[in-house]
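Hey, can you work out the whole structure from these sequences and the hints?
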Amino acid sequence: MGSLRLVTILLLLGSPAFAQSPTYGVGRTPTAEEIRRMDISIGPTGEELPPGRGTAKEGAQVFEQKGCIACHGPAGLGGMAPELQSKKGQDVPIWQRERILPLRSPFATTVWDYINRGMPAGNEGTLTANEVYSLTAYLLFLNKVIPEDQVLDQQSLPKVKMPIGDDYAKLHDWKPRTPRLEGYPY
Amino acid sequence: MGSERTSRRELLKGGAALAGGVTLGELASSQAQAHDHPMTPGSQNASPMILGSKELVEYGQRSRYVTSVRIQHPPGGRPSPDLFGKVFHVASPLQDSVGVITPSSLHYVATTRGSYMPDIDPKQHTLTIHGLVDHPLTLTMDDLKRFPSVTRLHFIECAGNRHTPRQKTVQETHGMTSCAEWTGVLLSTLLKECGLKGSATWFVAEGAEEVKGASSMPIAKAMDDCLIAYGMNGEALRPQQGFPVRIIPPGFEGIFHTKYLRRIKVVDRYYMNYNDFGHLREDPKEAALSEQIGPKSVITYPSGGQQLPGRGFYEISGLAWSGGGAIRTVEVSTDGGKKWNLAELKTTPQRMAHVRFGYQWTWDGNATEILSRATDEIGQVQALREQIAQWWNVPVERNYRVPGLDNSVMPWKIAKDGSVTNGLA
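The listed protein sequences correspond, in order, to chains E and B. Read in this note's numbering, the first sequence has 137 at position 141, and its numbers run on one by one without any break. Read in this note's numbering, the second sequence has 208 at position 202, and its numbers run on one by one without any break.
Hints are computed from structural coordinates only; laboratory data are not their basis. Some hints here could point you the wrong way.
DSBU-like cross-link-like pairs, simulated, lysine-lysine; straight-line CA separation at most 30 Å [to be verified]: (1) E:Lys155 <-> E:Lys62; (2) B:Lys344 <-> B:Lys422; (3) E:Lys84 <-> B:Lys291; (4) E:Lys62 <-> B:Lys92; (5) B:Lys291 <-> E:Lys157; (6) B:Lys203 <-> E:Lys166; (7) B:Lys198 <-> B:Lys129; (8) E:Lys83 <-> E:Lys155; (9) E:Lys166 <-> B:Lys291; (10) E:Lys155 <-> E:Lys53; (11) E:Lys140 <-> E:Lys155; (12) B:Lys92 <-> B:Lys129; (13) B:Lys203 <-> E:Lys171; (14) E:Lys157 <-> E:Lys62; (15) E:Lys166 <-> E:Lys84; (16) B:Lys419 <-> B:Lys345; (17) B:Lys422 <-> B:Lys174; (18) B:Lys419 <-> B:Lys344; (19) B:Lys203 <-> E:Lys155; (20) B:Lys151 <-> B:Lys198; (21) B:Lys352 <-> B:Lys422; (22) E:Lys171 <-> B:Lys291; (23) E:Lys83 <-> E:Lys166; (24) B:Lys291 <-> E:Lys155; (25) E:Lys166 <-> B:Lys198; (26) B:Lys174 <-> B:Lys352; (27) B:Lys419 <-> B:Lys174; (28) B:Lys151 <-> E:Lys171; (29) B:Lys129 <-> B:Lys151; (30) E:Lys157 <-> E:Lys140; (31) E:Lys171 <-> B:Lys198; (32) E:Lys62 <-> E:Lys84; (33) E:Lys83 <-> B:Lys291; (34) E:Lys84 <-> E:Lys140; (35) E:Lys83 <-> E:Lys157; (36) E:Lys62 <-> E:Lys83; (37) B:Lys345 <-> B:Lys174; (38) B:Lys352 <-> B:Lys419.
Put into structure tokens, the structure is as follows:
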């Protein structure tokens, strides 16, 4: 018993407190800076958002400069790629309006995340933070989610109230070996 | 050397084989000699020979008479490859499949918005696990292969695998699913190594392709059976399947199986990144149906576009699978759903894997409809479209769209002339 405890203590002492993983000791610990650079997952709180700012007016310019119009059409209408501006009125319930990301998304952070990682097609990952904030503001403005002069940045973007509010399905608490929907046909 | 050749020729002289060898040409003759035994009547190979080549020696090829290929999906939809060389959706030729393993070359392919395949140098690629863990970890592909491995059979199925009245063949109706043997490390092994924090409830899996496709999944799934796979059907993953590494969350819709996996971030809420917006639903019931796949089966022989030569014996053959676990039973009806008969399972059912079923049937030559339905280990039963519509309390129209991934029963019509067509048409 005593010797076992000693072995445990020795093992604990022997386990390196640096750059190694606990059980197998394989791999390395990424630096905080490495993680920050690769972490482009922007969650609803916006805690991962980088510094920067932008408005709809600036976004309209970026939309032209970066060639967004070629696929999405002027002001996000009439292109081959998905349309980005709703043609239905704000009085129409959100689920009866178009499935447009900067309109239907529950979080403005998702719009930022999408543009940042996935646009422009063919040149993904080349936009600056300011350009992404500006484009996000422009698309939210086109869909009447925010006013034209609103500045979007790390603080204001996660606070944007999206028209969907809380009117969307939260995913259920998934459990293994459980029907996907209790009582669903047979 | 010369005398040796002569002695072989003399050996051959004894039989009529020599004449055969000559008429078959130099190739067959030298082949017979190479095997160093005389040809005897009846042992002649009437076919031409396949000349050995460096390529065939190093990495084999199927017979030129086997021509089964993948096709773009849907047939009239967006082409793969498109003008720019991007691939969107490609369906597997299930009508020609045997057993349960889809050859890697025929495995279905899907990309989230049409994308190029990244040409990743595995020496440059790393997988980083971070977020709500005690020790973030960056692994090279060599590092990953040092962890204890598992090898499992799993199907993958695209949410677009939807049978409609317009489709003709089982490749068109059901070809967006495949099953392969995957080798890798359990995500739970890696997460335990990193030390999950108590607040961890979700994780985001992200790929390295140009759009950095990312999906949010429950941490319970990660700890249950998610596989970080680097191997497929006994070799490295193919680029179309995410080389050098992808995640397999068994039984979840295909889009969750992030390819070119570069990052796993453990988080405390649903992150709604990139692919997750596509899963946004108004009705929680529908949302629940677009994650884990329900029990499903389809008859691959006889199926749409095939022709029965006449009345008599046939073994009806098909595939069954479920996102809820292993398949327990498959039933086949040969009279349009009036009577259901227990099918034979041809392979050992495994969790979230295709199982091959068969049902011995003697066709009397009359027009009929054949169907199959699967029940999984947790008791979920594959339903008819009519039953699903009834559950949702909506009329069953010809173009009724089953909510979530369409796992409804697929009917095939057999006409008196033996032609097989889509029973929904």
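Status of the hints after comparison with the structure:
The hinted pair formed by Lys155 of chain E and Lys62 of chain E meets the criterion: a straight-line CA distance of about 27 Å does not exceed 30 Å. Our distance criterion of 30 Å between C-alpha atoms is met by Lys344 of chain B and Lys422 of chain B, whose separation comes to about 19 Å. Using a Cα cut-off of 30 Å, the hinted pair Lys84 of chain E and Lys291 of chain B holds, with the two alpha carbons roughly 27 Å apart. Between Lys62 of chain E and Lys92 of chain B, the direct Cα distance comes to roughly 21 Å. Compliance with the 30 Å bound is thereby established for this hinted pair.
The suggested pairing of Lys291 of chain B with Lys157 of chain E holds, with an alpha-carbon distance near 25 Å, which does not exceed 30 Å. In summary, the hint linking Lys203 of chain B to Lys166 of chain E is supported, as the alpha carbons are separated by about 23 Å, within the 30 Å threshold. With a C-alpha separation of about 25 Å, the suggested pair Lys198 of chain B and Lys129 of chain B falls inside the 30 Å cut-off, and the hint holds. Taken as a hint, the Lys83 of chain E and Lys155 of chain E pair is honoured in the structure, with Cα atoms around 25 Å apart against an allowance of 30 Å.
This hinted pair checks out: Lys166 of chain E and Lys291 of chain B have alpha carbons roughly 10 Å apart, not beyond 30 Å. Proposed proximity of Lys155 of chain E and Lys53 of chain E is supported: the alpha carbons are some 20 Å apart, at most 30 Å. Taking the CA atoms of Lys140 of chain E and Lys155 of chain E, the gap is near 16 Å; set against the 30 Å cutoff, the hint holds. With a C-alpha separation of about 25 Å, the suggested pair Lys92 of chain B and Lys129 of chain B falls inside the 30 Å cut-off, and the hint holds.
Among the hinted pairs, Lys203 of chain B with Lys171 of chain E is consistent with the structure: their alpha-carbon atoms are about 19 Å apart, no more than 30 Å. A distance of roughly 27 Å separates the Cα atoms of Lys157 of chain E and Lys62 of chain E; the hinted pair therefore holds under the 30 Å criterion. Only pairs whose Cα atoms come within 30 Å are accepted, and Lys166 of chain E paired with Lys84 of chain E is accepted, the gap being roughly 26 Å. Proximity of Lys419 of chain B to Lys345 of chain B is assessed by CA-CA distance (about 16 Å); at most 30 Å being required, the pair is judged to hold.
Restraint check for Lys422 of chain B and Lys174 of chain B: the C-alpha separation of about 18 Å stays at or below 30 Å, so the hint holds. As the CA atoms of Lys419 of chain B and Lys344 of chain B are separated by approximately 14 Å, the hinted pair is consistent with the 30 Å bound. Proximity of Lys203 of chain B to Lys155 of chain E is assessed by CA-CA distance (about 27 Å); at most 30 Å being required, the pair is judged to hold. Of the supplied pair hints, the one linking Lys151 of chain B and Lys198 of chain B holds, its CA atoms being roughly 16 Å apart against a limit of 30 Å.
For the hint pairing Lys352 of chain B with Lys422 of chain B, the CA-to-CA distance comes to about 29 Å; that is within 30 Å, so the pair holds. With a C-alpha separation of about 15 Å, the suggested pairing of Lys171 of chain E with Lys291 of chain B holds against the 30 Å cut-off. With a C-alpha separation of about 27 Å, the suggested pair Lys83 of chain E and Lys166 of chain E falls inside the 30 Å cut-off, and the hint holds. The straight-line distance between the Cα atoms of Lys291 of chain B and Lys155 of chain E is roughly 29 Å, inside the 30 Å bound, and the hint therefore holds.
Simply put, Lys166 of chain E and Lys198 of chain B have alpha-carbon atoms about 27 Å apart, close enough for the 30 Å limit, and the pair holds. Of the supplied pair hints, the one linking Lys174 of chain B and Lys352 of chain B holds, its CA atoms being roughly 26 Å apart against a limit of 30 Å. A hinted pair counts as satisfied when its Cα atoms are at most 30 Å apart, and Lys419 of chain B with Lys174 of chain B qualifies at roughly 11 Å. The straight-line distance between the Cα atoms of Lys151 of chain B and Lys171 of chain E is roughly 29 Å, inside the 30 Å bound, and the hint therefore holds.
Straight-line distance between C-alpha atoms of Lys129 of chain B and Lys151 of chain B comes to about 13 Å, which keeps the hinted pair within the 30 Å bound. Taking the CA atoms of Lys157 of chain E and Lys140 of chain E, the gap is near 11 Å; set against the 30 Å cutoff, the hint holds. A distance of roughly 19 Å separates the Cα atoms of Lys171 of chain E and Lys198 of chain B; the hinted pair therefore holds under the 30 Å criterion. A C-alpha spacing of about 27 Å is found between Lys62 of chain E and Lys84 of chain E, which places the hinted pair at or below 30 Å, so the restraint holds.
Under the criterion of a C-alpha separation no larger than 30 Å, the hint pairing Lys83 of chain E with Lys291 of chain B is consistent with the structure, at around 29 Å. Simply put, Lys84 of chain E and Lys140 of chain E have alpha-carbon atoms about 11 Å apart, close enough for the 30 Å limit, and the pair holds. Restraint check for Lys83 of chain E and Lys157 of chain E: satisfied, since their Cα atoms lie roughly 20 Å apart, inside the 30 Å limit. As the CA atoms of Lys62 of chain E and Lys83 of chain E are separated by approximately 24 Å, the hinted pair is consistent with the 30 Å bound.
Between Lys345 of chain B and Lys174 of chain B the alpha-carbon distance is near 25 Å, which keeps this suggested pair within the 30 Å criterion. About 24 Å separates the Cα atoms of Lys352 of chain B and Lys419 of chain B, which keeps this hinted pair within 30 Å; it holds.
The structure fails none of the hints (numbered hints given earlier).
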